[in-house]
Structure formats: C-alpha cells, structure tokens
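A.B. asks: Protein chains in written order, with this note's numbering: chain A, 55 to 1060; chain B, 379 to 487; chain C, -10 to 403.
Honestly, I wouldn't trust all of these hints.
What the hints assert, rightly or not - In silico DMTMM-like links for lysine to aspartate or glutamate, alpha-carbon gap of 25 angstroms or less:
hint: 1; chain 1: A; residue 1: Lys946; chain 2: B; residue 2: Asp413
hint: 2; chain 1: C; residue 1: Lys141; chain 2: A; residue 2: Glu662
hint: 3; chain 1: A; residue 1: Lys209; chain 2: C; residue 2: Glu140
hint: 4; chain 1: A; residue 1: Lys209; chain 2: A; residue 2: Glu662
hint: 5; chain 1: A; residue 1: Lys70; chain 2: A; residue 2: Glu143
hint: 6; chain 1: A; residue 1: Lys545; chain 2: A; residue 2: Glu454
hint: 7; chain 1: A; residue 1: Lys191; chain 2: C; residue 2: Asp276
hint: 8; chain 1: A; residue 1: Lys944; chain 2: A; residue 2: Asp686
hint: 9; chain 1: A; residue 1: Lys946; chain 2: B; residue 2: Asp415
Said to hold, decoys possible - If we take Cβ atoms under 8 angstroms as the criterion, some of the chain C residues that face chain A in the derived model are:
hint: 10; residue: Arg0
hint: 11; residue: Thr197
hint: 12; residue: Trp324
Said to hold, decoys possible - Across the chosen pairs, the derived CB separations fall in these ranges:
hint: 13; chain 1: C; residue 1: His299; chain 2: A; residue 2: Gly275; range: 41 to 49 angstroms
hint: 14; chain 1: C; residue 1: Lys205; chain 2: B; residue 2: Val389; range: 47 to 55 angstroms
hint: 15; chain 1: A; residue 1: Gly78; chain 2: C; residue 2: Asp152; range: 32 to 40 angstroms
hint: 16; chain 1: A; residue 1: Lys741; chain 2: C; residue 2: His299; range: 54 to 62 angstroms
hint: 17; chain 1: B; residue 1: Asp414; chain 2: A; residue 2: Arg859; range: 37 to 45 angstroms
hint: 18; chain 1: A; residue 1: Arg859; chain 2: B; residue 2: Asp413; range: 54 to 62 angstroms
hint: 19; chain 1: A; residue 1: Lys741; chain 2: B; residue 2: Ser412; range: 32 to 40 angstroms
hint: 20; chain 1: A; residue 1: Lys545; chain 2: B; residue 2: Ser475; range: 32 to 40 angstroms
hint: 21; chain 1: A; residue 1: Glu563; chain 2: C; residue 2: Lys193; range: 38 to 46 angstroms
hint: 22; chain 1: C; residue 1: Lys193; chain 2: A; residue 2: Phe189; range: 36 to 44 angstroms
Simulated from the structure, these hints should not be mistaken for laboratory data.
The beta carbon of each residue, even a glycine, is placed where N, CA and C say it ideally should be.
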Amino acid sequence: MSTRLTGFGRLIDRSKPLRFTFDGKWMRGHPGDTLASALLANDQMLVGRSFKYHRPRGIVASGAEEPNALVNLGKGGRFEPNQRATTTELFEGLRAESQNRWPSLDFDIGSVNTYLARFLPAGFYYKMFIHPRPFWKHVYEPFIRQSAGLGRAPKDRDGDTYEHFHTHADVLVIGGGVAGLQAAKAAADTGARVFVLEQTAHWGGRAPVDARDEDRIAGQGAADWVAATVAELEAMPNVTLRLRCMGAGVYDHGYVLAYERLRDHAPDATGPRHRLWRIRAKQIISATGAIERPLSFAGNDIPGVMLASAVRDYVVNYAVSPGDRTVIATNNDDAYLTAIVLKKAGLDVPRIVDARAQGGGALMEAAKALGIRVDTGRAIAKVKGGKRVTKVQICAQAGEGGVLDEIACDAVAMSGGWSPVVHLWSHCGGKLFWDDAQAMFRPDAAHPPTGADGQGFVTCAGAASGALDMAHVLEDAHAAGLAAGKAAGGKAKRTKAPETTARADAPIEPVWLMPQGAKVELRTKTWLDFQNDVKVSDVQLAAQEGFESVEHAKRYTTLGMATDQGKLSNINGLAILSDALGQPIPQTGTTTFRPPYTPISMGAIGGEARGVVFQPIRRTPIHGWHEAHGADWEPVGQWRRPYAFPRKGESVHDAVMREVKNTREALGLLDASTLGKLIVKGPDAGKFLDMLYTNMMSTLPVGKCRYGLMCTENGFLTDDGVVARIDEDTFLCHTTTGGADRIHAHMEEWLQTEWWDWKVYVANVTEQFAQVAVVGPNARKVLEKLGGMDVRAEALPFMAWADGRIGDFDARVYRISFSGELSYEIAVRASQGLAFWEALMEAGAEFGAMPYGTEALHIMRAEKGFIMIGDETDGTVIPQDLGLDWAISKKKADYIGKRGQERAHMTDPGRWKLVGLETVDGSVLPDGAYAVGEGLNANGQRVTIGRVTSTYFSPTLGRGIAMGLVKHGPDRMGEVIDFPGTDGKTYRAKIVDPVFHDKEGAKQNV
Amino acid sequence: MLILQCPCCGVMADETELAAGGEAHLKRFGPGSSDDDFESYLFNRVNPKGVHFERWRHAYGCGKWFHAARCTATLEVFGTYSAQVTEPPQEIRDKISARRPGWRWREFG
Amino acid sequence: MKRYSAFAIAREALRHHSGWDRAWASPEPKKKYDAIIIGAGGHGLATAYYLGKNHGIRNVAILEKGWLGGGNTGRNTTIIRSNYLQDPSAAIYEKSRSLYEDLSQDLNYNVMFSPRGVMMLAQTQHEIRGYKRTAHANALQGVATEFIGPEKVKELCPIINIDGPRYPVLGALWQPRGGTARHDAVAWGYARACSDMGMHVIQKCEVTGIRRDGGKVVGVDTTRGAIDCDKLGIVVAGHSGVLADMAGFRLPVESLCLQALVSEPIKPCMDVVVMANTVHGYMSQSDKGEMVIGGGTDGFNNYTQRGSFHHIEETVRALIETFPMISRLKMLRQWGGIVDMTGDRSPILSKTPVEGIFLNCGWGTGGFKAIPGSGWGFAELMATGHSALCAEFSLDRFRAGRFIDESVAAGVAH
C-alpha cells in the first residue's frame, strides 16, 4: 500500500493537517502536499479511468506530464474538469472527484471496453460503424462521445476573475531549477533585466531530490545552493522572480505567454485566479528540464507502475511511499537513486531489473551495498494486477518474454531515460537533433528559432539542452545566461560556473520495448499513451497500414493527443514507429510542438474583458438621457443607439409607429451624434474630395451642403453622407455611424500612400460634437422659440448650413433631411449635447416634441426612397444600380471606383436595379425575400430576378412598402413579380417608383 | 506576434498597434487603363514565400502608414521605411541582398 | 482491397490484426500519367477520386510534398455547411454537403459525417436581416435552412448565453443537416479509394518546376525526378502562389495564417455547431470531447503556420461571452494553417493561361466543407473542360468584376 512515511517530506508541513475529499470520501493531508501526494498518502492509488478502454489508472508522474490523475475539482462557479492532481496544491476543503467512470471509480461499466480491446485497435472506428448510414449520428456517435470526454462539463458561470499583465525583459528565464537559477544569475550579472519563471511553488527543480549525498555546488548541498542563489537573485534590482508561473508559449519576435496561477492553491483569497503575462523578451532561456520516459513492458499501465523519478519525488518531497515493495526497472543509472531512497526510507526494494547487460556505474554499487539485488540484462515481461500491481514477471531483455522469475510487489518504478523539455524551443521553429549516446532529441543550437533580426532568440539551458549531470547543467546554464545577457545588451563578464562534484555514471542503453522481442500477446498489453490507450501494437498496426509519417501515426492512433500532449509517450511511440518502419529515429522525426506547454485556462486567455466590459461601449453625450427614458437599444458597432423609445405598456412596434407619425405631423428629435464627422482641410481638399466622392465636391459653394457617395476602388458603394463646405479650404464630411473610423482610415490611406504630395489634412471630430436632428413641421417653431440665429428658409434654405446661436448654445445648423420633413441637423459641442437636447425637449413640449429611434429613421427614409448603406448596399452594389447616376459626376476624369465601374460586369444591362415594391394586398414583404423568374439555372437552383433590400410597414401610407433590386426593374414599372417567403406563402408585389411619400419634396423644402 | 518599428514616430510597435495593408508598391491604374493593368493592380499579388514588401498603418499609434520589408517564411524583418516611395530604398535592398543572397528582384510599380 | 466492416474487424481481431493491408500503396513515380494532381490534401485527393469514378481517368498521380492530408485538411475545425448566400457558392457547398451524407458508404471508410446542425447567431439587427435574406436564398437554392428565434437557439444549444449584456442572441440561421466530419479520415478515405483504383499517391515528392511546351503543360519536375502529364491540376491551397509562379502566372491570392484551438476533452455538452460572427468565433465539440474553436485570420502574409496570439485571445474572449461555461475549460493546443484568400474571398476552380493546367484554390477559411463538391466539379472541369459547379468560379471573374461575395452579411449598417 501507499502511505505517509515518518522521515523525509521536505515540502510538507506536518504540523498542520488539511482535510479534503476524493469521490466524497474525507481524507487528510498537509500544507505543501499536492493532491497527488495526498491521495497516495491516503492509499488512493486508483485515481481515474482511461479514455478508450476505461482501464483503471493510477498516478504515474509527479509533475505536468501526468496523464492519468485528472480530477473534477471544486463545485458550482469554481468547478473545473481535468485538473492534474500532480500540479494541484492541496488546500483545506478541496473537493476532487474522479473522472470518466460510471457509476463509480471502482466499478465502472465502461471498463467492459477493456475486454473488447481486441476488437477496438487503433483506428477501428474508421473501419466500422459505416452501415446503416443514419446509425452513425444516432447510435454509434452518441455512444463514442459518451464513453470519451474525461471530465464533466462546467454548468455554472465562472465565479472567478482573471487579469492580463504586460512586461518587457532583456532576458526571460523559463524554469527555476538549478539551470534556470544559474542562467538567471549569469545574465543578471551582465546588467540585463531578467525575469525568471517557475511553474511550481518551489525553486530548485529536481536538484534537491536528485542530488546525491556527495554532490556539492560551490561547496554547498544542492538545496542550500538553491536557497542562497534565490536570495542573491531576490536582492538584485534587475531581477524579477515569479513562482507558480509557467512559460506557456513562445511566439514570434520574442513574445512569450506566461500563465501565473495566483489563487488555485488558495481559492478563498481575494483577487484574480489566474494572470496571463504577455512578455516581450530580447532573449529567452528555456531551462525547462527534462521529463523521464516510461518503459514499454506489458502491464505498464497498471496502477502502482510509476516513473522512478516520481517515486523519488513522493518519498523525498512529500514523505509518501507509493508502495511497500517496489521493483525497479531501468535502462540508465537514475533509477538506482530511487532504489537507494526507498531503502533509506525503510521500504523494501526486492529487485532492480536493469536492461543493460553491464548494469550501471557507481550508483549500482551503492545500491548493491545497501543489499538490493540487481539483475542486469533483464526485463519486465509483464506486470500482474488489476487495480493495483500485485507482482512482476522477469525475463531476459534479449528474448521474447519467457518468464524467469516472479516477484510479489505493490509498486514498480521505471526509468526509460530522459527527454529534454524542448517545447518552448520548438514553438517558434527551433530544430532538434537526435543524440544517440543519450537517446534523446536535443535542441540543435545551430538552428534556433529566429526573431525579427533573423538571429536566434531562444537558448536552452541545462537538462532542457540535453545536459544531464550537475556539472554539465551548471556550465551550460552559465554559458547560456552570459550569452543571453550579452545579446540583450548587457556587459560581458568573465564569471565562471560554480564548481560541482564529478560523477561516474554508466551510459544509458536505449530500450524501446521490454523485452526487445516481446510477442504480440505482450505488445497488445504494453501501453505507450496511458490516457488515450495507445499500445505498442497500435503504433505497429499504423505502420503496417501505411500511416508512416509520424503525424499520420499520431492521428491514426491518437498517440500524444491526450491532455499531456505526448510529454510522456511521444518519444517511446516514435521509436516503436521507427522500428516498425525499419528506419532510424531522426528520420521519423517528431510531431509539431504547439503552445501551450500545459493547458491554460480559457478564463485567463479572455482576461478581464467579460460581461458588461466585454467590449467598450461608446456613449453619445445624450446616451444617459436615452437610458433614463426607456430606450430599446440596438448595438451599432460599439455604440448603442435607441431603436425606439417605447412607453410604459407600449410595444416596440407601436412605439416606432407613434414616433414616425409624430415626426411627420409634429416634431421628432433624433440623436444623430454617432454619425461620422470628418474635417478635410487644406488647399487641395476640394481636389481630394473629388477623387473620394463620385460627385464633384470642389465646386460646392461655401455655406452649402451636398449629398455624396463614396466607392471602393472596385466601384462598390461603401458610404454616403452630406458634405458641407465650411470655407475655401475646409470641408466637413458626414459619414454613416459605422463608417466614421473606416472612412477616416480610407482617406488617410489615400493621402499618405498615393497622393502624399497633396496638401490636405483630415481630422475625425465625430466625438467632439453632439448632433441632433430636429425634424417635422414644427421644427422651425421650436428653434425660433429658443431664439438666436435666423432659421427661416430665406436665411437658411434647404441644403445650406450656418453657424450661430440657438438659445444658449453655439451651434452649427445644417438644413438637411433624411426623412423628407422640414429638418435641421444641429451640431453643438459635445459637452453641451445633453443640455441642448433637454432644452429642445423642453421648448418643444408645446409642439409635440418626442424622441425617435433608428427604426423610425429607417421607415421615414424608406418612405422617401432614400437608400441606406448596409440595406440597399451590401458591398456588391454600385451607385448606378441604385439610380444614383445623378450623384456621379460625368465631368471628372477620375474618382476612386470609376475604373472599376467600367468593367464588363458593372456595365451589364442585366444588373439588378433599385425600384420600389408594393405588395398587391398591402401586406409587408418579408425581409430579404428574392423574386423568382422562370425555371432553374445550370445547377438546378431557382432563377432569381431580384430581392428585397428594405421592407417596412409605413404608418404614413398605412401599408407595406419596400425597396428592392430587380433585373431591368426601372423598365418594368407596374409589373407584378413573385417573392416566395420562407413561410410557404408567395408574396406578390408591384414594381413602383421607390419614392412613396412626398415625391415632389415639398415638405422638406419649406 | 510581430514587432515593427514605425519609421514615422520611431516606436517599436507591437502587432496589436498595427493594421496590415497588403502588398506594397502597387501602381494605381485608373480610367483609361487596360483590363490587364487594372486587374493586376486590384487583384494579382506576388504573395511570395520569402521576401515581401508590404504596407502597414500604425493605426493605434501615430496613425501613419509605412512600408515594411519582411520574410513571410521566417518573419524576419529587413526594415521599415517611408510610405511615400514607389520602391524599396537602396539601404533596404542592400540589407536583403546580404541576408538573402541570390534573391530574385522583381520590377516594382 | 480488403473491405472494412465490423465483421472484418472481428475476423482480424482473432489474429491480432496482422492481416490488414496498407490503406494506400507507396509506389515509385511512373514516367508519365494522364493527369497529375499536385497536392494530396482533401481537394486534390477528391479530384483524383472523381476523375476515376466519374470520368474513368485512372492513370493519375497525386503528388504531395509532405504527408497526405497534412495541410489544411488536417488543421481545420471540420465544419460542414452549405448555408451560403450566393447561388454559385450554395451550389458547390450543397453538392459537397450532400456527398458527405454518403461518403462513408461510398469510400467504405467511416469519415464520421455528423449532421448535428449548424447555427449562425444573429446578434445585431443587421445580422437578422442578413440571415433572413440567406434563408430566402437557400430555400430557392434547395438548401434546407431556417431562421430561428432565440428560444429555439437555447433549446438546441443549452450552453449558449442568449441574454448577454452586450450582444444578446436575437436569432440564428439554422441548417439542421450541417455538421462536422473527421477531417483526417476524409483525406485517408479518399487516398485509400484512389490507391484502390490504381492511382499513385506519392508522398514526400515536392514539385520544383512546371514544364511547358509553348503554351501547354507537358510535365513537372519533382524532388523524385521529372514526370510527364497531359493535364495538371494545382490543388495546393496556401502554396498556390508559389506553384503559379512556377507556371508563370500570378494569382489574385494572398496566403494568410488562420488559427484554431481545442480545449481539453469533456463529456458531451454541445450537440450543434455554433458560429457567432458579430463577436467572431465558432465552436463545436469533437467526438473526443474537445471543444474545437476557430476565429479570424491574421492580416498579413504568412507561410509559417504560426499565428499571432492576440487573435486567439479575441476568439476565446468572444466565446466566453457566448458560452460562459468555457471559461473554466483549458486550452489544450493551438495551431495555424495557411489559407489562400482571393480578391472576393471565394474559391477559384478554373482553367489557367497555360493549356492543360487547371487551378483549384482560394478556399480561404472554408475549404474542408467543400472537399467532395470541389473534387466532383474540378474533376469534371479537368476531364471535360466544363463544369456547371465550377463555371462561376473562373479566374477571369476578377477582370470582369463578377464577384462572388459571401461577406455581404458582414457589411456595415447605418
């Protein structure tokens, strides 16, 4: 059984108990425990079920590479699936629940799959479930989905908050082990600004566990050296240290994403749960260590089989023994450390099985001296057990697995060698090479990821670069730190790496399958990917079926696609694949390393911006008044505009009808502040606007307004609005609400990149002014009541503008109309907007003043046959389609879009043109309906001859009115055409003039 | 996540401050131009895998347009320069020739 | 070729699956083929398949510089839909969608087409109008879609937050027979079927030059030697510009990076595909349980298959707003693919200035869903010189200004 030991436990505080639950059962641990160590201390080796076969799964690792110990954590708004027990720090009251089992972890119905495993090899689903067709969606797929999927889906809204930080660093060191600390120290000594990240809660990495008794760094023990170096770095003003902060991804041009877990270990503290750091670093040192590889032998997935390094961690760091009797299996010297530690903890190590014929070096002798039996040239033939290891069978590594011996035990510690963590090196394209001697992929320093200057910007240091013993680690890290500091602009220093003790280890011997000639019965029980249930036989099947590329094999078998992304299994898998293909490992290569290094929360990625602050809200000066007066909002870009102002008990539709009627009969006020206002100024302003608009603007007299159209170079209508000439050199261009920023950018683009010698400036003053449309037969009355400037027709005729005072306000008044009524659009300083609006409402009360919203605006403009950008246009419509030829200057040699409009398709007489549409029965045409012609096209689709672009019920006319684009429309006045609805009805509409109301324009021009 | 130095204001601008504006040094063809020239101007793009000249705007900064010479295969930046030129300046060309020996130069405009 | 079935699996299980053949052969290139397809992605393989199946042209090689299905076919978010607005798009995507319905049976390979339904959320008045217009167009195009209200949205996808404070869901365009499929399986199924017809799928064979005799193509140079052909189909997505350069013409195409990401797998919680264009993100749940998420493209030309992180950030933020529960999931993996964007964002299926060279590219962000339809039409074009499905997607449309613009719903309002 696994239990808490009396000795060891450098990271836990035994004086304080913590209580937590696992599957509802109360358990105890200590501060400093991870959930995994606490579970083991409570003899909870079985922690989950695998993905495909629902096999029992135990804790394998002690860090981020753990594939099995994933739990549902917490509840309600703090619930989170797939939390790794090995990286979850224990806290009081933690609630964990095992995953992917039903009804319980011990008795899981899904484990029947394990008996069907023979029928469910790699890729089985591609070969079956083909017939009958509907069964995939309705029978097979729901079954597959339900049995896969691991953790539960969260149900509640996230109860935590998140934040983003930005920083710059000269040298970013990722990893706080001895390599990272030494590299940071060396870099900091050059004067560079250094930022150091460590993903766990502790500095020092593996060194405090893996250092041997005789090891000294600069004369100190490893743990003491770590403490002293951290203290030194903390005292340096140019160094920042962050614990619980993982380097998640390296992106181009030195951009690094770091994921800091602020409150996962203390959920009741205040503040954000996670912080996402966006770091720009000149140089990055990846001191991310190495991950131990499992060995591939039959039954290596049975709970109780663990990485040798993890067993060591649990004993030394947490005083937890994974088992009473642990068999060690290895192909290198490191696992002997585990044997020695276990023995020192008073636990039984019945056998060390070393696949190497010659066995190990000094450590082997040390283990033997402790009385541990070492079998060299031997292998594990098979591990026996169900939910826990019960015994192992021993065989010769060289053979097929004939059992030579059987040893009763409750744990197996395995070591297949180490793989440098090259993820961060590889994210941005760093290349790897295969080191035969150490049996590992290492960063190829000659081919680093390159930055904006084409030079490398990432260096690996220590174990991450393939240096495995302490002396090499420190030398490598020191050199990396110095070089990075210098490359980032620091001063070169002649410092040296600390002195360390030399070691006499025997070399590793690659062992990719145990025993090397394992029979198929063993290979089908030998796991590579523990979570996704990928076995040696699956990878071999993939190779047999032609999935020869490593990417094919990965995708076909799902090897390395689990939540550990192959940290544990990938190298073993591709060694098996290489062997099956009869090619060396480097020829097979690796799959692509992609960010993040380990999964990071979506909450952290999203950051603060959620709910009401998801995106900024732009507010007009009158926004608050609308809100207080019950506006029904419509989002328009980041603005919100009142759609209508429904009164108590009034429907939105009724409000719209009332607003139209009131504006046409009395007085309506519209907040038009969102309309874009661009000042175009300079001696060449007129010439410039002549190029931008289809009409001639340079001839516009000062004091006058002109409606203008703007096209893209493709000829398509992109914006419209009224241009006012302020003085000889100055124009004010109104744009649509959505167009303000876009058109401003459009103008700047042409001015800066094409006509840069033209003397023109553009300023966007949209937010500097509030603008109110005062509309209706009583419009002049209210202005005259407020007093001030002369607003009579003689002084301020239609399509003129003037500066002056209205009541107490400085105002610029435009006689323009988008409704067909007598209308003044009045701009005041933004700071005066609300006061001006309130003054109008107050003075207008006796004239029936009411606010109106965007829908009333739309209806009134449609009644007048005015087009709306975004309704009549959709990015494919040219002004000629809309009967706007009058607004296209024939005199100009050029304007943006003119050449585009000369192309064959644009001048095709068959283009759909704007007309009015009136239903035969007065009903409202459905939005977006198409008119049909005769027959079908070459692809069997109904032939269409037009479509509805705007459709409304007109309260003014008491019937449905619409505008549309119809083939040869203007030549077909009076014809009735059919619009099939999606409701099964066909709507019949007569083609009419698009101006429905006041065709002569008498009402606006008074 | 690119960083480009805005040649107008000198800021080392993060990509989030910038708006990409597509291929640089296109010659505008207006009324009177041939269908070939007009089509080529509006649509046909070099789209190289390698050295590329492109337009950017420091949209959330000084607002100015500028040019960048960049490798689309490695994202190496050879330099940024004024938007008010019709071909890359000699200094940028020299830098590219040094960094990419044998690069095949094309006609601009 | 051994047929795949549950019985075959049972039979093989008894002998530890030692009897399975290669899914596709690994032949040496011949001196000459009737037709060569460059690019063994979904579109290239589907083209070859229908050349053989529909037109009897089987002396075909499909050349792939890397591994088959390794481009955008294996990097997309697997969405299949045909609720397009414009007639030519609706025609080819609906042809494609309908071929997907029977593709597993046709190929004897389970591509796991799952018609679970696709909804595109309307979150502004403008989108409502745009999607109602699409629904009307679809009805006449023979594409089954409908505009549904927010209650139906919530019923079909309970994890959607329809009352968000900024962009409440006002409705959706719903295509009940849209869905997803297993992307790799599509490429593998076609490759296996092509190989079975005697075609040569040749991987790790990069085309380095295109050989012409006057205005006509005669073959290609490759890293495995020169190969002759009568007809050449270029079907290489993001690298179309590079191939066109070899053939001596320019394209209205730019290559950009499109990114996607997946969460860690969770139990089923979402049975439909949801696209939210106002906030810009889309999401579905894979059969493994991962939430598969996509967003927008980077704005600059890029061949690195690495995008910029702020796009991921914007997409995730948008989807947290739409699906608040994902805030507590974790991003497992992000990646990028190189998409080829044309001047009107619609594909090119066309003859080219060089006789015998045909071009299939420009699928931009929407290529996976089109694979069978594109292959069907493009094979017809290569075999006969004309295809109604492809006719409107010709290369000369840009010169005429005859755009097929699907972005009209994303236009501007007011």
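A.B. asks: Taking the hints in turn, state whether each one holds.
C.D. replies: Structure-based check of all given hints:
1. Simply put, lysine 946 of chain A and aspartate 413 of chain B have alpha-carbon atoms about 20 angstroms apart, close enough for the 25 angstroms limit, and the pair holds.
2. Distance restraint check for lysine 141 of chain C and glutamate 662 of chain A: the Cα-Cα separation of roughly 30 angstroms exceeds the 25 angstroms cut-off, and the hinted pair is therefore not satisfied.
3. Among the hinted pairs, lysine 209 of chain A with glutamate 140 of chain C is consistent with the structure: their alpha-carbon atoms are about 19 angstroms apart, no more than 25 angstroms.
4. Using a Cα cut-off of 25 angstroms, the hinted pair lysine 209 of chain A and glutamate 662 of chain A holds, with the two alpha carbons roughly 20 angstroms apart.
5. Between the alpha carbons of lysine 70 of chain A and glutamate 143 of chain A the distance comes to roughly 15 angstroms, so the proposed pair stays at or under 25 angstroms and holds.
6. For the hint pairing lysine 545 of chain A with glutamate 454 of chain A, the CA-to-CA distance comes to about 60 angstroms; that exceeds 25 angstroms, so the pair is violated.
7. Proposed proximity of lysine 191 of chain A and aspartate 276 of chain C is supported: the alpha carbons are some 11 angstroms apart, at most 25 angstroms.
8. Taken as a hint, the lysine 944 of chain A and aspartate 686 of chain A pair is broken in the structure, with Cα atoms around 44 angstroms apart against an allowance of 25 angstroms.
9. Distance restraint check for lysine 946 of chain A and aspartate 415 of chain B: the Cα-Cα separation of roughly 21 angstroms lies within the 25 angstroms cut-off, and the hinted pair is therefore satisfied.
10. Hint status for arginine 0 of chain C: violated, given a least beta-carbon distance of 10 angstroms to chain A, over 8 angstroms.
11. With a least beta-carbon distance of about 21 angstroms to chain A, the hint placing threonine 197 of chain C at the interface is violated under the 8 angstroms criterion.
12. With a cut of 8 angstroms, the hint placing tryptophan 324 of chain C at the interface with chain A holds, because the nearest CB-to-CB distance is about 5 angstroms.
13. At roughly 45 angstroms, the beta carbons of histidine 299 of chain C and glycine 275 of chain A sit within the given window of 41 to 49 angstroms.
14. Taking the beta carbon of each, lysine 205 of chain C and valine 389 of chain B are about 53 angstroms apart, inside 47 to 55 angstroms as hinted.
15. In this structure the supplied range 32 to 40 angstroms holds for glycine 78 of chain A paired with aspartate 152 of chain C, their Cβ-Cβ distance being about 35 angstroms.
16. With their beta carbons about 39 angstroms apart, lysine 741 of chain A and histidine 299 of chain C fall outside the hinted range of 54 to 62 angstroms.
17. Between aspartate 414 of chain B and arginine 859 of chain A the C-beta distance comes to about 59 angstroms, which lies outside the given range of 37 to 45 angstroms.
18. At roughly 56 angstroms, the beta carbons of arginine 859 of chain A and aspartate 413 of chain B sit within the given window of 54 to 62 angstroms.
19. The hinted window of 32 to 40 angstroms between lysine 741 of chain A and serine 412 of chain B is violated, with their beta carbons roughly 26 angstroms apart.
20. Range check, lysine 545 of chain A to serine 475 of chain B: Cβ separation about 33 angstroms, and the 32 to 40 angstroms hint holds.
21. As the Cβ distance of glutamate 563 of chain A to lysine 193 of chain C is approximately 32 angstroms, the hint placing it in 38 to 46 angstroms is violated.
22. A hinted range of 36 to 44 angstroms for the beta carbons of lysine 193 of chain C and phenylalanine 189 of chain A is consistent with their spacing of about 38 angstroms.
Checked against the numbered hints given earlier, the structure breaks hints 2, 6, 8, 10, 11, 16, 17, 19, 21 and satisfies all the rest.
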